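Visitor: Mind docking chain L on chain S? Use the hints.
If you read the sequences in order, they're chains S and L.
Each step along the first sequence adds one to the number in this note's numbering, with nothing skipped, and position 47 is 63.
Each step along the second sequence adds one to the number in this note's numbering, with nothing skipped, and position 92 is 108.
To be clear, the hints were calculated from the coordinates, so they are not data collected in a lab.
Among the hints, erroneous ones may be present.
Any copy, or any two copies together, can satisfy a pair, since identical chains are not distinguished.
[Said to hold, decoys possible] Okay, derived cross-link-like pairs now, PhoX-like style, lysine-lysine, Cα gap no bigger than 20 Å in a straight line: (1) LYS116 / LYS165; (2) LYS22 / LYS206; (3) LYS206 / LYS165; (4) LYS212 / LYS22; (5) LYS22 / LYS165.
Predicted, not measured: the structure shown is a model, and the values here were computed from it.
There are 2 protein chains.
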Amino acid sequence: MPELRKDPIVGRWVIISTDRAKRPTDFVREQGDFKGGFCPFCYGNESKTPPEILAYRPSSNGNPAQRDVPGWTVRVVPNKFPALGIEGNLNRQAEGMFDKMNGVGAHEVIIEHPQHEATLASLPDKAVEDVLWAYRDRILDLRQDRRFKYILIFKNHGEAAGASLEHPHSQLIALPILPRNVVAELEGAKQYFIYKERCVFCDIIRQEQESGVRVIAENESFLTIAPFAPRFPFESWILPKRHESAFENSSSQMYKDLARAIKNLLNRADRVLDSPAYNLVIHTAPVQDANLEHYHWHIEFMPKLTKTAGFEWGTGFYINPTPPEEAARFLREVNLEAAKPVPGALKK
Amino acid sequence: MPELRKDPIVGRWVIISTDRAKRPTDFVREQGDFKGGFCPFCYGNESKTPPEILAYRPSSNGNPAQRDVPGWTVRVVPNKFPALGIEGNLNRQAEGMFDKMNGVGAHEVIIEHPQHEATLASLPDKAVEDVLWAYRDRILDLRQDRRFKYILIFKNHGEAAGASLEHPHSQLIALPILPRNVVAELEGAKQYFIYKERCVFCDIIRQEQESGVRVIAENESFLTIAPFAPRFPFESWILPKRHESAFENSSSQMYKDLARAIKNLLNRADRVLDSPAYNLVIHTAPVQDANLEHYHWHIEFMPKLTKTAGFEWGTGFYINPTPPEEAARFLREVNLEAAKPVPGALKK
Numbered sequence: 017m018p019e020l021r022k023d024p025i026v027g028r029w030v031i032i033s034t035d036r037a038k039r040p041t042d043f044v045r046e047q048g049d050f051k052g053g054f055c056p057f058c059y060g061n062e063s064k065t066p067p068e069i070l071a072y073r074p075s076s077n078g079n080p081a082q083r084d085v086p087g088w089t090v091r092v093v094p095n096k097f098p099a100l101g102i103e104g105n106l107n108r109q110a111e112g113m114f115d116k117m118n119g120v121g122a123h124e125v126i127i128e129h130p131q132h133e134a135t136l137a138s139l140p141d142k143a144v145e146d147v148l149w150a151y152r153d154r155i156l157d158l159r160q161d162r163r164f165k166y167i168l169i170f171k172n173h174g175e176a177a178g179a180s181l182e183h184p185h186s187q188l189i190a191l192p193i194l195p196r197n198v199v200a201e202l203e204g205a206k207q208y209f210i211y212k213e214r215c216v217f218c219d220i221i222r223q224e225q226e227s228g229v230r231v232i233a234e235n236e237s238f239l240t241i242a243p244f245a246p247r248f249p250f251e252s253w254i255l256p257k258r259h260e261s262a263f264e265n266s267s268s269q270m271y272k273d274l275a276r277a278i279k280n281l282l283n284r285a286d287r288v289l290d291s292p293a294y295n296l297v298i299h300t301a302p303v304q305d306a307n308l309e310h311y312h313w314h315i316e317f318m319p320k321l322t323k324t325a326g327f328e329w330g331t332g333f334y335i336n337p338t339p340p341e342e343a344a345r346f347l348r349e350v351n352l353e354a355a356k357p358v359p360g361a362l363k364k
Numbered sequence: 017m018p019e020l021r022k023d024p025i026v027g028r029w030v031i032i033s034t035d036r037a038k039r040p041t042d043f044v045r046e047q048g049d050f051k052g053g054f055c056p057f058c059y060g061n062e063s064k065t066p067p068e069i070l071a072y073r074p075s076s077n078g079n080p081a082q083r084d085v086p087g088w089t090v091r092v093v094p095n096k097f098p099a100l101g102i103e104g105n106l107n108r109q110a111e112g113m114f115d116k117m118n119g120v121g122a123h124e125v126i127i128e129h130p131q132h133e134a135t136l137a138s139l140p141d142k143a144v145e146d147v148l149w150a151y152r153d154r155i156l157d158l159r160q161d162r163r164f165k166y167i168l169i170f171k172n173h174g175e176a177a178g179a180s181l182e183h184p185h186s187q188l189i190a191l192p193i194l195p196r197n198v199v200a201e202l203e204g205a206k207q208y209f210i211y212k213e214r215c216v217f218c219d220i221i222r223q224e225q226e227s228g229v230r231v232i233a234e235n236e237s238f239l240t241i242a243p244f245a246p247r248f249p250f251e252s253w254i255l256p257k258r259h260e261s262a263f264e265n266s267s268s269q270m271y272k273d274l275a276r277a278i279k280n281l282l283n284r285a286d287r288v289l290d291s292p293a294y295n296l297v298i299h300t301a302p303v304q305d306a307n308l309e310h311y312h313w314h315i316e317f318m319p320k321l322t323k324t325a326g327f328e329w330g331t332g333f334y335i336n337p338t339p340p341e342e343a344a345r346f347l348r349e350v351n352l353e354a355a356k357p358v359p360g361a362l363k364k
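So here's chain S without its partners, still in its complex pose (with noise of 0.2 Å):
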């Protein structure tokens, strides 16, 4: 079972994930099999990963002869090496003057569509927006599990953005705890609440909206814009204009504008930055809260340019080469009909 283990002095909860254990051969052996070869998301390897907890298959109504076969086109499996375990509970205890619990929790694989060769920047809208209420549907499944307190949703494409496998996937994690990262950005956005009585997040929609110098695009129900004090070049955010804390609680008409919002940046960021890696998160609100006055759920992107990053590593602070206003213009600017060719685009 892995353990959950907390920082004493800043109180970060980290996963000590033993049954990935590694020893220091491993490290120094690791190979990137990243292309080519077997791949256990494709059409007819079903039987390869560990069975599907949840299947778009449109032409089956809901037959369960036709689980783990051919013929999806979203399917949701848990991760074949979770970082958590699901079952269980948590048991915290101490050990000594340090605090920990069981690595109680969910890993699970979103594979985004059949074909291999996509990605999300070129996959239809329909089939973006499928992978959306995949997503959704798997939060209100296990927000029903009050021992999850997080759910964290998030897309490494590429391998220097953390991918191990090509296939178009993403994955979630449901935490027992508040990331830190979760808590700060709750807790930053409390206390203007309670010095302005507005939402930051309002704030800067209107504010960005007004100046448009960061603007990158925007739709009927979302702003995408580079924030002000990103942390890497080219980082970009996904906002819903309309305030809501939680992505889950979002109407159809939501997805809808969020699968084309994610597309055009996507497609934005493939022509000017030459199909990055990127990370991809959801920022959105504990799963066991109520709808905040202070939170508003989000989308960051992060193209993984710069190849080393000793610096923000060891010392968690960011030096940005690329103002935002630049990197909003480039995006903003890049023709989006202009032919060219994307190199993960899908095939015809």
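Guide: Then chain L, alone, in the frame of chain S:
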């Protein structure tokens, strides 16, 4: 002039380094010229760096004609591409709801040794000690400038850890603000002190010495451990056994013992992890603070083993596949006397 900008939600200050501004093509074309080629830090190339701020020249007797020429053992120069500018005042101002100030600060490079192939692990004890004295001398000088609140000293070793030049060097950044991670550490340690009336680091030292399972090494003045909740595999901390909040207030015996402790840890890591890239960061109190009862300076060592860390970057949440007890055992039990060619060893 670079700009310091504050994230309005979490309060994190970020350097937007306009002088180094990068266009998209700079990232796409990014090439490693880490090894080989011209080295501005080698003997004879002193004119290729900005004029030296400090150099130890055992034979010069302070003769000013001896500046920016060979003969030094440790040499400190301004960073040629500084992230911050040394001139001017902070000029704190608003941009609508946002906060920013001039990117005033110092960014220096400590060239640790004349020999290009040297590593801290392979240098004689006295040479490592001299590097520590250079850190101290620069802190004492810079802290007289009341604009600076924090001095960050860190070392990126190896390209994978963010080093841009192979020649052994460390970096110093003097900041007009406290980095968010520093604030978190100071506040966490203070909370513990308020509750327990003891320093959390002193308590950690006592518990780790008693249990022994996470101890890597120990000498008269320093304890080297794998921390209880490490973010990264083989993360290690070097802690002074006597309470002291600021690195620069140590006695001369401490620098001798610290040089030995650092060399000891680096040699263990070189053996066990095949000479990994790493980051080394000095965690110390803000320079304008008097001695703090609740804070305890220390060094954090993070070998760069997992090639990619998308999850952690995106989410701020860490999964560590190596329990610290196992990491400590590997590092503790390695035979430092066994003959093993260390790739970065000094040429005879």
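Visitor: How would you label the pair LYS212, LYS22 (within, between, both, or neither) given a Cα cut-off of 20 Å?
Guide: Answer is between; shortest inter-copy Cα gap is 17 Å, intra-copy 33 Å.
Visitor: Should LYS22 paired with LYS206 be assigned to within, between, both, or neither, using CA atoms and 20 Å as the limit?
Guide: between (24 Å within a copy, 17 Å between copies)
Visitor: With 20 Å as the alpha-carbon cut-off, assign the pair LYS22 and LYS165 to within, between, both or neither.
Guide: within (16 Å within a copy, 29 Å between copies)
Visitor: Regarding LYS206 and LYS165, is the shortest C-alpha distance of 20 Å or less found within a copy, between copies, in both, or in neither?
Guide: Result: close within a single copy only, 18 Å intra versus 27 Å inter.
Visitor: Is it within, between, both, or neither for LYS116 and LYS165, if the alpha carbons may be no more than 20 Å apart?
Guide: Intra 16 Å, inter 35 Å, cutoff 20 Å: intra-copy only.
Checked against the numbered hints given earlier, the structure satisfies every one of them.
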